[in-house]
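Make the full structure from the sequences, and use the hints.
Going down the list, the sequences are from chains V and H. Note that the first sequence ends on residue 158 in the working numbering; no numbers are left out. Note that the second sequence ends on residue 158 in the working numbering; no numbers are left out.
Watch out, some of these pointers could steer you wrong.
Any copy will do: because identical chains look the same in the list, a pair fits if it lies in one copy or spans two.
What the hints assert, rightly or not - Subject to a maximum C-alpha distance of 25 Å in a straight line, what follows is the list of computed SDA-like cross-link-like pairs (lysine to any residue): (1) Lys18 / Asp97; (2) Lys18 / Leu106; (3) Lys45 / Glu58; (4) Lys18 / Thr86; (5) Lys18 / Ser51; (6) Lys45 / Pro143; (7) Lys18 / Thr107; (8) Lys18 / Val42; (9) Lys45 / Leu144; (10) Lys45 / Thr95; (11) Lys18 / Ala75; (12) Lys45 / Arg55; (13) Lys18 / Asp32; (14) Lys18 / Gly74; (15) Lys45 / Thr8; (16) Lys18 / Thr40; (17) Lys18 / Thr8; (18) Lys18 / Val126; (19) Lys45 / Gln145; (20) Lys45 / Val117; (21) Lys18 / Gly141; (22) Lys18 / Gly128.
If you're looking for bench data, these hints aren't it; they were derived computationally from the structure.
Letter by letter, the chains look like this.
Protein chains: 2
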Amino acid sequence: MNHHPDLTELAFLVGTWKGTGHGEYPTIDEFDYHEDVTITPVPEKPFLAYSQRTRELESGRPLHAETGYFRWGGAGRAELVLAQPTGIVEAHAGTIDGTHLHLRALTVAHTPTAIDVEDVERHIEVTGTTMTYRLSMAAVGHPLQVHLRATLERSESA
Amino acid sequence: MNHHPDLTELAFLVGTWKGTGHGEYPTIDEFDYHEDVTITPVPEKPFLAYSQRTRELESGRPLHAETGYFRWGGAGRAELVLAQPTGIVEAHAGTIDGTHLHLRALTVAHTPTAIDVEDVERHIEVTGTTMTYRLSMAAVGHPLQVHLRATLERSESA
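What follows is the structure in structure tokens.
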């Protein structure tokens, strides 16, 4: 795995990941989704490019997407910045504990036509070739609570 | 050009664009760069995916990158959300006047290890197969001023 030396602690994230997840929130019906995640080192640069797309499990209809970058934030520290086509941006900071990343949004901001997301917390863990994540969200007046859980398998290592 | 009906006013942005630009700021030496921009419709969705990379003109060394989405914000209105590997996110709103987009950041946020960018303004104009843009920035205590100007040619239409 050829990555910038600053990325040693984040190298466990690199790969193409595919799997399924489950979504819930007080304002919507529960739903199941298929997910594709790509996390790749960028030559000579101290960050990982991140992109993600989900599709409704049964219909294959496109659901969510996001794109951004993971950064190393110093020993045991990670950062994540991303944009979502729903008109939302997130800037996160958090901790790296082995292969467990715990990120909390410092900023969640949105454009005028986007819905109001107030807070996001992301747990990402890799065990062997399996990535699991849990995303909690505070939005449209509801307190921070689990919105998404997914289990992905590494299908290719970059 | 196959795009979501909400994107009619933004369709002029779609394409693969290549060209060169010039950068300046009180805190750095002036520099020239090569730039690749891709703006593509996403099937069934009311947004355009945007990604950009620059390289130093002489050495080809990677410089900047950003990734995000353009959104339509209602008649004559546009939005842009993006993330940069430098640890910065921007959420913009602005106006569409024919093939001239004028965007101003509502939010510029950053992670703990990123430099402090306070404000960003983006003008993007397409004339025929030529895109020109001007990016102004307020950062590290300096007021809003021109940072980047570039001229790109459409090399492929999506």
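Taking each numbered hint in turn, which are not upheld by the structure, reported in ascending numerical order? Result: hints 2, 6, 7, 9, 11, 14, 19 and 21 break, sorted rising.
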